[in-house]
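Asks: Just so you know, the protein sequences line up as chains A and B, in that order.
Counting from 59, one number per residue, gives the positions in the first sequence under the numbering used here.
Counting from 59, one number per residue, gives the positions in the second sequence under the numbering used here.
Do not rely on the hints blindly, as some may be mistaken.
Put simply, identical chains are the same to the list, so a pair is met inside one copy or across any two.
Here are the computed lysine to aspartate or glutamate pairs in the DMTMM-like style, where the Cα-Cα straight-line distance is at most 20 Å [claimed, not checked]: (1) K119 with D88; (2) K119 with E146; (3) K185 with D210; (4) K185 with E162; (5) K185 with D159.
I should point out that these hints are in silico values taken from the structure, not numbers from a laboratory.
There are 2 protein chains.
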Amino acid sequence: MIGLRLYDYGPSPNCLKVRILLRLLGLQFDCVSIDILGGDTLTDSYAQVNPARRTPVLEVKEDRIVESNAIIWFLAESTSFLPSGPLERAQVLRWLLFELDRGEDIAALRFRIGVGTLDPDSEDARKRREAGRRGLDQLELALRSSQFLVGDGCTVADLANYAYVHVAPEAGLPLRPYPAILRWLAEIERQPGFVNDLEPLPENARIGAGLSIYG
Amino acid sequence: MIGLRLYDYGPSPNCLKVRILLRLLGLQFDCVSIDILGGDTLTDSYAQVNPARRTPVLEVKEDRIVESNAIIWFLAESTSFLPSGPLERAQVLRWLLFELDRGEDIAALRFRIGVGTLDPDSEDARKRREAGRRGLDQLELALRSSQFLVGDGCTVADLANYAYVHVAPEAGLPLRPYPAILRWLAEIERQPGFVNDLEPLPENARIGAGLSIYG
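Next up, chain A with everything else stripped away, as it sits in the complex:
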């Protein structure tokens, strides 16, 4: 595949999904670094790239794909990371939709606590943690009887959910109560070519480098 360009933000788990898969597949890509907090998504030229002003965006020659889970689905076509049977593909899609729905709770908590716009002891934070926990409960249940989320191998269903689940402790959701999830995270990280280069939240973040990722 030629002509891949990724508009990328280092500390974003959504962008991390794409970087992980590109490396697992051994694909070359141009990387355009977008500093969200520095205002890079607010320029007129970025509105041309993505009117929703979000990252990641993947350019494939003349075309652009937005939404991280649509990007990894596209990249995984005809590889082992996306099964070929219609039923298995529907299950992969189901977990991508689950991730958008449930990952959002963890994402918002982690980011807003991190940059100091949400008090971790507030009612809002408590409700979101509760929602995040319900999502983790569902994942744990699915992974108790199965090594990966769909079929026998690692698919984009796993990679998508990895992104926010592995940083759940930074959102105040420790993973110790979830042994199947911890086993599964380690399994994903053992895939040949796996690299996690998620950057820490920017300097104005309250939480720091001393935090244990799998707390």
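Using the hints provided, position chain B relative to the given structure of chain A.
Replies: Frame of chain A; chain B shown alone:
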């Protein structure tokens, strides 16, 4: 396709998506009516059908698919409602993910105002309407230059977004400011075999039958 069973809730736009596509495709299906407010999703036997206790669920012989957008993707495989090219498929997926993300704002507003658990004048309602409007703005922008969301024909990207957008006025979001969306809704409703049998919100709802759908 044989052995299709839909666990269905009449007033749910998510369930409506599946019913619309099944009829557009002329597929026979068993329909199991689930009265959510009557407690049907809270039984032990429904937890076996879907541990997340949501509708719709599609049974395909021995298998079950949850998440409305995963279900319609599955049903649309090898039909005109899902294009075959990888790039076009990624664009369809992108709009399914958009719908989950943005449709949720409209869904929550409509339901909670409808059953009286959210004051339409509250700060929470105002914020959600603002988010809903941003989603409608994005759709309008996309539909100004294109008859359907992806390619030249009606796809599951359109059907998924139809579900909540067509009831946006019930969430306090009139569609008059969105001419391209109104044109597109009518286009979808002209597809041969299209039936919209969305039931009104249940009797304990505040909003009534006198409401104009396209307000």
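Asks: The structure should be examined with respect to each hint, and the outcome stated for every one.
Replies: Hint check:
no. : hint           : verdict
1   : K119 with D88  : within (11 Å within a copy, 45 Å between copies)
2   : K119 with E146 : between (29 Å within a copy, 14 Å between copies)
3   : K185 with D210 : neither (35 Å within a copy, 43 Å between copies)
4   : K185 with E162 : both (13 Å within a copy, 17 Å between copies)
5   : K185 with D159 : both (15 Å within a copy, 19 Å between copies)
The structure shown violates just one earlier hint, number 3.
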